[in-house]
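So the chains spell out like this:
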Amino acid sequence: MRFGLSEEQVLLTDNINRFLSDQVDLQQVRTYADGGDDAQVWQGLAELGVSALLVPEDHGGIGLTPLDAALVAESLGYHVTPGPYLASAVMVPTILAEAAADYAQPLAQLAAGELRVGIAFSEALGARADGGISVVDGVINGKSLFAFDDAADAYLVADASQQIYWVDAGDVQTEKLTTVDKSRRVVALAYDNTPAKPVSDNAEVFAKAVDIGRVILAADTLGAAQAMLDQAVAYAKQRQQFNRPIASFQAVKHMCAEMAAELEPCRAMVWFAAHALAELPDEARVTACHTKAHVAEVGKFVAKTATEVHGGMGFTDLLGLHYWFKRIGANRQWLGSPELIREQAARLQGLGQ
Amino acid sequence: MDLSFGPEYEDFRQEVRQFLRKNIDKSPHNARMRSPEALDWQKLLIEHGYTARTIPQAYGGFGAQPDIIQSRIIAEEFAQARANPGLGGQGISMLVPTLLEMGSEEQKQTFIPPTIRGEMVWCQGYSEPGAGSDLASLTTSAVLDGDEWVVNGQKIWTSTAHLADWIFCLVRTEPDAPKHQGISFLLFKMDTPGIEVKPLVDMTGVANFNETFFTDVRVPKDQIVGARGQGWQVANAILGHERDSLGNPNATLTRLNALIELMHTETVNGERMIDNPVYRDRLMRLQGRVMAMRFNDLRVLSSRINKGQDASLARMIVKLQGTELRHDLEGMAIDIMGEVGLSYEDNPYTRNGGSWQNQYMFFLGLIIGGGTSQIQKNIISERGLDMPKEPKYPAPQKS
Numbered sequence: 050m051r052f053g054l055s056e057e058q059v060l061l062t063d064n065i066n067r068f069l070s071d072q073v074d075l076q077q078v079r080t081y082a083d084g085g086d087d088a089q090v091w092q093g094l095a096e097l098g099v100s101a102l103l104v105p106e107d108h109g110g111i112g113l114t115p116l117d118a119a120l121v122a123e124s125l126g127y128h129v130t131p132g133p134y135l136a137s138a139v140m141v142p143t144i145l146a147e148a149a150a151d152y153a154q155p156l157a158q159l160a161a162g163e164l165r166v167g168i169a170f171s172e173a174l175g176a177r178a179d180g181g182i183s184v185v186d187g188v189i190n191g192k193s194l195f196a197f198d199d200a201a202d203a204y205l206v207a208d209a210s211q212q213i214y215w216v217d218a219g220d221v222q223t224e225k226l227t228t229v230d231k232s233r234r235v236v237a238l239a240y241d242n243t244p245a246k247p248v249s250d251n252a253e254v255f256a257k258a259v260d261i262g263r264v265i266l267a268a269d270t271l272g273a274a275q276a277m278l279d280q281a282v283a284y285a286k287q288r289q290q291f292n293r294p295i296a297s298f299q300a301v302k303h304m305c306a307e308m309a310a311e312l313e314p315c316r317a318m319v320w321f322a323a324h325a326l327a328e329l330p331d332e333a334r335v336t337a338c339h340t341k342a343h344v345a346e347v348g349k350f351v352a353k354t355a356t357e358v359h360g361g362m363g364f365t366d367l368l369g370l371h372y373w374f375k376r377i378g379a380n381r382q383w384l385g386s387p388e389l390i391r392e393q394a395a396r397l398q399g400l401g402q
Numbered sequence: 091m092d093l094s095f096g097p098e099y100e101d102f103r104q105e106v107r108q109f110l111r112k113n114i115d116k117s118p119h120n121a122r123m124r125s126p127e128a129l130d131w132q133k134l135l136i137e138h139g140y141t142a143r144t145i146p147q148a149y150g151g152f153g154a155q156p157d158i159i160q161s162r163i164i165a166e167e168f169a170q171a172r173a174n175p176g177l178g179g180q181g182i183s184m185l186v187p188t189l190l191e192m193g194s195e196e197q198k199q200t201f202i203p204p205t206i207r208g209e210m211v212w213c214q215g216y217s218e219p220g221a222g223s224d225l226a227s228l229t230t231s232a233v234l235d236g237d238e239w240v241v242n243g244q245k246i247w248t249s250t251a252h253l254a255d256w257i258f259c260l261v262r263t264e265p266d267a268p269k270h271q272g273i274s275f276l277l278f279k280m281d282t283p284g285i286e287v288k289p290l291v292d293m294t295g296v297a298n299f300n301e302t303f304f305t306d307v308r309v310p311k312d313q314i315v316g317a318r319g320q321g322w323q324v325a326n327a328i329l330g331h332e333r334d335s336l337g338n339p340n341a342t343l344t345r346l347n348a349l350i351e352l353m354h355t356e357t358v359n360g361e362r363m364i365d366n367p368v369y370r371d372r373l374m375r376l377q378g379r380v381m382a383m384r385f386n387d388l389r390v391l392s393s394r395i396n397k398g399q400d401a402s403l404a405r406m407i408v409k410l411q412g413t414e415l416r417h418d419l420e421g422m423a424i425d426i427m428g429e430v431g432l433s434y435e436d437n438p439y440t441r442n443g444g445s446w447q448n449q450y451m452f453f454l455g456l457i458i459g460g461g462t463s464q465i466q467k468n469i470i471s472e473r474g475l476d477m478p479k480e481p482k483y484p485a486p487q488k489s
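Quick note, the sequences are listed as chains A and B, same order.
Following my numbering, the numbering of the first sequence begins with 50 at its first residue and continues without gaps.
Following my numbering, the numbering of the second sequence begins with 91 at its first residue and continues without gaps.
Calculated from the structure, these hints are not laboratory results.
This one's a predicted model, so the numbers in the text were calculated from it and none came from an experiment.
Even glycine gets a Cβ: it sits at the ideal position worked out from N, Cα and C.
Incorrect hints may have been included.
[What the hints assert, rightly or not] Label-pair ranges, simulated between beta-carbon atoms:
| id | chain 1 | residue 1 | chain 2 | residue 2 | range |
| --- | --- | --- | --- | --- | --- |
| 1 | B | P156 | A | E357 | 43 to 53 Å |
| 2 | B | N359 | A | A178 | 44 to 54 Å |
| 3 | A | L397 | B | G428 | 26 to 36 Å |
| 4 | A | Q289 | B | R362 | 50 to 60 Å |
| 5 | A | E147 | B | S402 | 35 to 45 Å |
| 6 | A | L397 | B | N359 | 23 to 33 Å |
| 7 | A | E328 | B | A165 | 54 to 64 Å |
| 8 | B | G360 | A | A300 | 23 to 33 Å |
| 9 | A | F291 | B | H270 | 21 to 31 Å |
| 10 | B | R473 | A | F291 | 18 to 28 Å |
[Stated by the list, open to error] Stretch by stretch, here's where chain B covers chain A in the computed footprint (C-beta under 8 Å, at least three residues):
| id | region |
| --- | --- |
| 11 | 242 to 254 |
| 12 | 266 to 276 |
| 13 | 288 to 297 |
Input sequences plus hints: build the corresponding full structure.
Printed below as a string of structure tokens:
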């Protein structure tokens, strides 16, 4: 029995973390937030194999596990890294590998980091007013809100019946949607008799993509929240008031201890949930739901508390702490907010009518 | 990542199951301390190594090599079969491991065998009215007079003191030494003249604890564990044991399942509580928290059997998170029942024997006992996050 990371997994995260520490500092995040692009960062990550992680080996990928992908997501969250990871490296390869038609070429291009494919799932998971799509005879009409990300070459679009279609970005009108999270960008996709190629009519393919997407978002939040806790502790040790570091006040120590006490079990939870996706099919979906929802709640608590530990400085743009705060806030809503996901967890267990 | 225990452990699990199938009838329910059923069951469990498993045979134990997974399997199977897991109590869970580590050969031989058989019952004399979280400031004194220590002072929270044969007790023997270096660890009989035990009724309505008073209690000089002034180190070796056992997530899972059952049977205006989305969401929040703690527990277990895995922070937070979670869980069951949830003691409308109210309060006690949640947060911030200690308030001048 061994509940922990392998040597290879430790090595993988060390490599990614080293790259991100070098290449994705706060200045880099600010540049992206101000309208810069993420092409160079994504290229660098692709060279480390990040884009190929989940692509099967016979399609030019590395064929690693969801746990490996979650560990990378944790690192990306820790550094509030821009980039299309969630879609292009995780959800899209998961779908294409199981698609009925042959997607060998796009899979190979995704693995190489040469192709970005986004996801437009909001209409399938929790349609809001102003959105809504319909697909008839290979033609799509309507609007997908909050598609991720803005620089994709194509999108996988899911409709209310959870069928998935491939739509080329060149065939749709994209409308930039500004959100609080400036470390990743989303768009609205407007369709006007746009060609939509069927990728999957299997609701299970859709559900599996959502499962892994949720675990990856939980891992991203885990990393981002850990970064906020680390920054809060470091700041408290350095900040002096009343002739002593504020880290020596129990009021401040207990805030940090509460963050650590809530966050540390999330690490085991993310590991288990990611492991379950590949190895424990009976538990995987409920665990993914609970992991996404629980880590979102803990993330929200840590984001607020860590900001408070920084006092007024935490509220300013000077420290940039808000990039983590907003990333955690965005992860909470993407692919289902906690209440909706918990209700799904209950239904999956046959609880309640 | 490998969550299976492996084939050799599955064989072991079958062995335990077979034992339980054959012997479950002998497993006592609510047997009193020292009753023949309890002592016979204990003897049977020791013979098969299902309790006192790693205690050396020389001291009356089974003498197996420590194996955390085997211990885990035994606990799981006994819980599954609802079998009595054998005797617990502070003598077995705290004093015996301490003696194994710090006791003299003679102490081990004298005290361990009757203690693990359940024939010698112990209570713990640590906390005092003026020494709770700041345990090291304790003032119960022991002064050497010829071949005897003379003990004076008062202890509190001494559970089972009214039933115990012996007490293991922290006393101040070096009044002029710094406070952590002036304490000694004494063992003495509870029928020694000068000991008075007063029951202490707690909020559950039961006297789970006592106050224990010592007036010129004379204790033979050699009934000390470790050297004079070493009592703090002796005591700390076992405080770790206690914290590990509080807030066990597997026990919490059992209670969560009972809560889910309750939500299927309790109704308000004819609607089952599980069908009410507000309560259902609250249940799901708890289920998520229980899940996180169960996986945290797996990680801690793994770190104890695999070298090089660091889960020290994961371990440090268990008492804090586990007891708070359990208190919330028990409290939710009360809210599920509404006014019915207030039923207690002989009220005919109690559910599950009134255990929800009882455990709701009992776990508030555990949030406080064994190192309060605030002390836990100090430990987590200082040892887990490397934050500085609060500056010490100057000690009062001695007059």
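Hints and how they fare:
no.	hint	in the structure
1	B:P156 x A:E357: 43 to 53 Å	holds, 44 Å
2	B:N359 x A:A178: 44 to 54 Å	violated, 33 Å
3	A:L397 x B:G428: 26 to 36 Å	holds, 28 Å
4	A:Q289 x B:R362: 50 to 60 Å	holds, 57 Å
5	A:E147 x B:S402: 35 to 45 Å	holds, 40 Å
6	A:L397 x B:N359: 23 to 33 Å	holds, 27 Å
7	A:E328 x B:A165: 54 to 64 Å	violated, 24 Å
8	B:G360 x A:A300: 23 to 33 Å	violated, 48 Å
9	A:F291 x B:H270: 21 to 31 Å	holds, 28 Å
10	B:R473 x A:F291: 18 to 28 Å	holds, 24 Å
11	242 to 254	violated (count 0)
12	266 to 276	violated (count 0)
13	288 to 297	holds (count 4)
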